[in-house]
Amino acid sequence: MSTPTVDTAPLQRQRRHRIYLQIACVTISLSMLVPIYLISLAALSTRESLNEFPLSMLPTNISFDTLYAFLSSTGIFGALGNSVLVGVGTLALSAVIGIPGGYALARFAFPGKEPYQLFLLFTRALPIVVLSVPLAKLFLTTGIYDTTYGVILLHTSLALPTTILISASVFLSVPVDVEEAARIFGCSPFSAFARVVMPMALPGLAAASIFTFVMSWNEVLGASILTLDHRTLPAQVLTSLSDSPLAYRFAGGFALVIPSIIFIAFMRRYLTNMWGSTIR
Amino acid sequence: MTVQSPPVSPAAVQAAPRPRRVPPAVWLIGPSIVFMSLLLGWPVVQGVLQAFQNEQGFTLEYVNRMVEDPYFWPAVRNTVLLIAVMIPLQFGIAIAMALLLRSNPRLNKLHFFVWAIPLALSDLAAGLVWLSIFNDRGYLNSFLKGFGIDGISWLAYDNQATLFFCVLIAEVWRSTSLVLVIVVAGLQGIPKDYDEAAQVFGATFWQRLRHVTLPLLKPSLQVALILRTILAFQTFAVAQALTGQNFPLVVGETYRWYTALQNPNVAAALALVILVASMLTSIFYLRALREKGQGGKR
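As given, the protein sequences belong to chains A and B, one line each in that order.
All the letters of the first sequence, read from the start, carry residue numbers 238 to 517 under this note's numbering.
All the letters of the second sequence, read from the start, carry residue numbers 817 to 1114 under this note's numbering.
No lab work stands behind these hints: they were computed from the structure.
Each hint should be verified, as a subset may be incorrect.
Here's a subset of chain A near chain B, in silico, CB distances under 10 Å, partners left out [as the list claims (entries may be wrong)]:
#: 1; residue: A246
#: 2; residue: P247
#: 3; residue: L248
#: 4; residue: L308
#: 5; residue: S310
#: 6; residue: F314
#: 7; residue: Y340
#: 8; residue: T509
Example chain A residues on the side facing chain B (calculated, C-beta under 7 Å, incomplete) [stated by the list, open to error]:
#: 9; residue: A261
#: 10; residue: P291
#: 11; residue: I299
#: 12; residue: A341
#: 13; residue: T360
#: 14; residue: V367
#: 15; residue: R420
#: 16; residue: G423
#: 17; residue: S425
#: 18; residue: M437
#: 19; residue: V451
#: 20; residue: N455
#: 21; residue: Y485
#: 22; residue: L493
#: 23; residue: V494
#: 24; residue: I495
The following label-pair restraints were derived from C-beta to C-beta distances [claimed, not checked]:
#: 25; chain 1: A; residue 1: L248; chain 2: B; residue 2: A912; range: 52 to 58 Å
#: 26; chain 1: B; residue 1: Q1023; chain 2: A; residue 2: M435; range: 35 to 41 Å
#: 27; chain 1: A; residue 1: P296; chain 2: B; residue 2: W1022; range: 40 to 46 Å
#: 28; chain 1: B; residue 1: R953; chain 2: A; residue 2: S268; range: 19 to 25 Å
#: 29; chain 1: B; residue 1: A1076; chain 2: A; residue 2: P482; range: 17 to 23 Å
#: 30; chain 1: A; residue 1: K350; chain 2: B; residue 2: I1099; range: 35 to 41 Å
#: 31; chain 1: A; residue 1: S293; chain 2: B; residue 2: L854; range: 53 to 59 Å
#: 32; chain 1: B; residue 1: I1099; chain 2: A; residue 2: F422; range: 21 to 27 Å
#: 33; chain 1: A; residue 1: L267; chain 2: B; residue 2: I1099; range: 52 to 58 Å
Positions of the beta carbon are idealized from the N, C-alpha and C atoms, including for glycine.
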């Protein structure tokens, strides 16, 4: 029996394509990671080594002095606390107000559903600046200017449309059947929701909450307009930018970057679900 | 007939025939409507009043001051230029990245995680990250020095081109992951059959991209376009961190008028410029979407 000659060219071409593919992916990943590596390096270097030129690209002079100096400088520790407080407050308030709305969008056909969705889309388009300046005036007259409550209210109003849309998509992924089954077996609408739907929706809702927290954690402009002494971390860093040494700014950047890596690590399984089906 | 986009939400179809029960839904969405009317509607009205009203009534005083400010037109120019260059650039990159991920490279979960990290970064953080690279004695110049090239002052006041370049790089680096995630989600909703069918009939990669993948991806792309353009109008802290006042952007001007110049009225006027620009682009995209007719609905 003669073996047929096999044309291996297509196979080799495919193999070559795979290699190009890997190279492209690694290149993009590196371009994402190298800047993060460099800011970490800058934040963890000694002051003396930061003043040298050219800078060393390798971690030869690791020290936590710069970071420590940043964290212990006035306002930073309090700002960190404020950021957490505002983030958690925003998360709680937008969950309480937004999750019922999302549930309604997912489960009920009601008159005005289309306008409601349009309204949500419209509010997503509202820039933060437009809200911040008039809200500062309102908060001044009502006495909650320069408090974390004011910032929580602003951030909630920004996060609410997204919370509603994301929680709607989470509830859509819970089958209606299980809820109806619970009703047939004698649950009231509320207990069917609390005991059947909620446990199934919880992971998705948790991811949505992290998203809300991240949005609040990152928001700079509104927080720096609405506060003076009770700044959140980004607002504190922003307002002290112009009169602070480079080392301080790098440490500030590092302090803002690290949490985001952790957030994404928590959310990564839900990223596409959250963005995919919610917004049409 | 155009090809139907994959079903958006099976449960929505199931929910429709359920009996209409108006009251519970109203109770459920009521709080959100009240809250948003109070905290979104009221400030917009107030903002318009702040910008156009002084003690004597209607006035254009603040608008005039805004327009006559030497930073205003450069800020508008920079903002528009940044959006015009950044949006096409990052959409190209994001689509390329999403296609790379779809072809299942090794470690694709890890790559996706890394590419999504900037999603949780604030623009202030991105600005500070790139400040460590672009400043005069930063890593880029150090790197060039290693090759015996003398670096330049990337962030110098008189070098608007490199300033723009630095802000652009930092913003593209930070914000492309939002587009990426939306496009990846969109791609997941497209069955591979279409692509394979086209492949069977001998379509090249570019033909398949142009005539199969991109048309099916259009709804996701439009959402991403609306979101990204609106967010791009609000770019500000990146430029603030990288350049201080040297590269004015409209939102940065609002911040400057409010904090440094203590004039909330002009700040409100500037904010309205952003509002009008965002609204116009949203309406433009929504209309463009409707004309292309994705099932006749939004």
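Next on the checklist: Just to be sure I understand the hint, the distance between the Cβ atoms of Q1023 of chain B and M435 of chain A should be within 35 to 41 Å; is that true here?
Outcome noted: violated, 48 Å
Item to check | Restraint satisfaction for M437 of chain A [CB to CB of chain B, less than 7 Å] | outcome: Because about 13 Å separates M437 of chain A from the closest Cβ in chain B, which is outside the 7 Å limit, the hint is violated.
Checklist entry - When the nearest CB of chain B is found for N455 of chain A, is that gap smaller than 7 Å? => result holds, 3 Å
Checklist entry - Taking the beta carbons of L267 of chain A and I1099 of chain B, is their distance inside 52 to 58 Å? => result Roughly 40 Å apart at Cβ, these two residues miss the hinted range, so it is violated.
Next on the checklist: Range first: 52 to 58 Å. Now tell me if the beta carbons of L248 of chain A and A912 of chain B are that far apart.
Outcome noted: Because 25 Å falls outside the window, the suggested range is violated.
Next on the checklist: Min Cβ distance, A261 of chain A to chain B: is it shorter than 7 Å?
Outcome noted: holds, 6 Å
Item to check | Proposed interface contact between I495 of chain A and chain B, which counts if any beta carbon pair is under 7 Å | outcome: violated, 10 Å
Checklist entry - Does the interface hint hold: is A341 of chain A within less than 7 Å of chain B, judged Cβ to Cβ? => result A341 of chain A check passes; min Cβ-Cβ to chain B is 4 Å, inside 7 Å.
Next on the checklist: For the restraint on P291 of chain A, tell me whether the closest CB of chain B is nearer than 7 Å.
Outcome noted: holds, 3 Å
Next on the checklist: Can you verify the interface hint for I299 of chain A: is its Cβ closer than 7 Å to any Cβ in chain B?
Outcome noted: violated, 16 Å
Checklist entry - Is the shortest C-beta separation between P247 of chain A and chain B less than 10 Å? => result This interface hint is violated because 13 Å lies over the 10 Å limit.
Item to check | chain B contact restraint for S425 of chain A - C-beta distance below 7 Å | outcome: It is violated, given that the least Cβ distance between S425 of chain A and chain B is near 12 Å, above 7 Å.
Hints 1, 2, 3, 4, 5, 6, 11, 15, 16, 17, 18, 21, 24, 25, 26, 30, 32, 33, counting from the list given before, are not met by this structure.
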